[in-house]
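Read off the chains here:
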Amino acid sequence: MAKSNLKKTFLTPLGKDNPVFVQILGICSTLAVTNKLDNTLVMTLGVMFTTALSSWTISLLRNWIPSRVRMMVETLVIATYVIIVDIALKAYYPEMWKQLGPYVGLIITNCIVMGRIEAFALQNKPLPSLIDGLASGMGYAYVLLIIAFFRELLGTGTLWGYQVLGSWWTSWAIMIMPPGGFFMLAIFIWIVRENFIKEETNE
Amino acid sequence: MKTQSFYAKRIQPIVFMAVVTIICIILTAALHLYTYDQVKENEQFFVWRSVLDSAAISHDGTPSDVVKLFDQYVTEDGDMYVVNTPEHGRRFVLEQTGPGLWGPITVMIGFEDDKTTLSGVSIVSQTETPGLGARIEEPWFTAQFAGKKGPSFKLVEEGTASQPKEIDSITGATRTSDAFKSIIEKAFVLAGGL
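The listed protein sequences correspond, in order, to chains A and B. Per my numbering, residue 1345 is the first one in the first sequence, and the count goes up by one each step. Per my numbering, residue 126 is the first one in the second sequence, and the count goes up by one each step.
Bound conformation, chain A alone (with noise of 0.2 Å):
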């Protein structure tokens, strides 16, 4: 029973209570920070970092954390592990964490961090907790890293920074811009709700 609850546990934020195109949540990193896959890919990793440390801690304290302090309990423990990740990239991923710039401590502000603190690891155990930020964050993550591969694909020519598309390829600026982010994100969601997602009929 209690492996097929983690297996449960796991597998919801990935499909069909995903952060991203179900929940709509974490929209502002997504539309900033995926015009390019490599920036996009270590912006989701300290996502995953995060919510997965940040759930798992929340959980250990969760029977002693006074009601009414608790969300500046929260908002500490989250932005304690977001700190870690921004001083061991701008100390051994210099580069980075220089494009970047202030979206790594804006992981701080992710609705999906906090949200599956509150939604989750308040009410269950630690392990749980921990396998559930996970997999929130990795539902986020493969969603940024979709639409990623399009924009920089449409917006430069290139994967990963390298060329693919030939010099007959006329780059669409729009793509890299933010108004891109949106028109991405949109056709997404909705190409995933149309098919992939069983609607509740009854309102």
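Treat the hints with caution; some may be incorrect.
To be verified - Simulated pairs of lysine-lysine, DSSO-like, Cα-Cα distance not exceeding 30 Å:
1. B:K165 to A:K1442
2. A:K1442 to B:K306
3. A:K1469 to B:K134
4. A:K1434 to B:K165
5. A:K1434 to B:K193
Derived from the structure by calculation, the hints contain no laboratory data. As the structure is a computational prediction, the values presented were derived from the model and not from experiment.
On the provided structure of chain A, position chain B as indicated by the hints.
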């Protein structure tokens, strides 16, 4: 509904919050101190690499090579770096900051000994639009400045610059191109006064 004791209601949240805060601070501060030297080294590496790039000194991009070449050829003279190499003679490098479209752009600008010919430029930091203005960091854009003669330039359509005073602008980033041009021109004024 059970009433909470004074302790549970008032004291415990404060104590709990304080303890969590202290733990978090200790963690991040420790990590900061642990990586401090590395971060400083990175910052210096970026600046030094820019100096070498703008003076058109070739290097293999590794920190050790950059540090070695910098120690060997570069001396700092006030705000200016003097780069002296046997094959290129004397070159000057100035750091210049100016407003871009979104935020400041900081550029290292290298001059030949005559102070009217550019040996190269290299971006230290910028916050322009990714994919548009941020393309000032791309090699094709910075490379075109080598050998151009100042002190004033003319922006032409991307890919059409052919004269010593013409610069390719970036399509879709007119304001960034303008800003970049004026930063370079300002550097000539400064360099002339040295």
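Okay, the hints, checked on the actual structure:
1. B:K165 to A:K1442: This hinted pair holds, its Cα atoms lying about 14 Å apart.
2. A:K1442 to B:K306: 23 Å, holds
3. A:K1469 to B:K134: It holds: about 25 Å lies between the C-alpha atoms, which stays within 30 Å.
4. A:K1434 to B:K165: 10 Å, holds
5. A:K1434 to B:K193: With a Cα-Cα distance of about 23 Å, the restraint between A:K1434 and B:K193 holds, given a limit of 30 Å.
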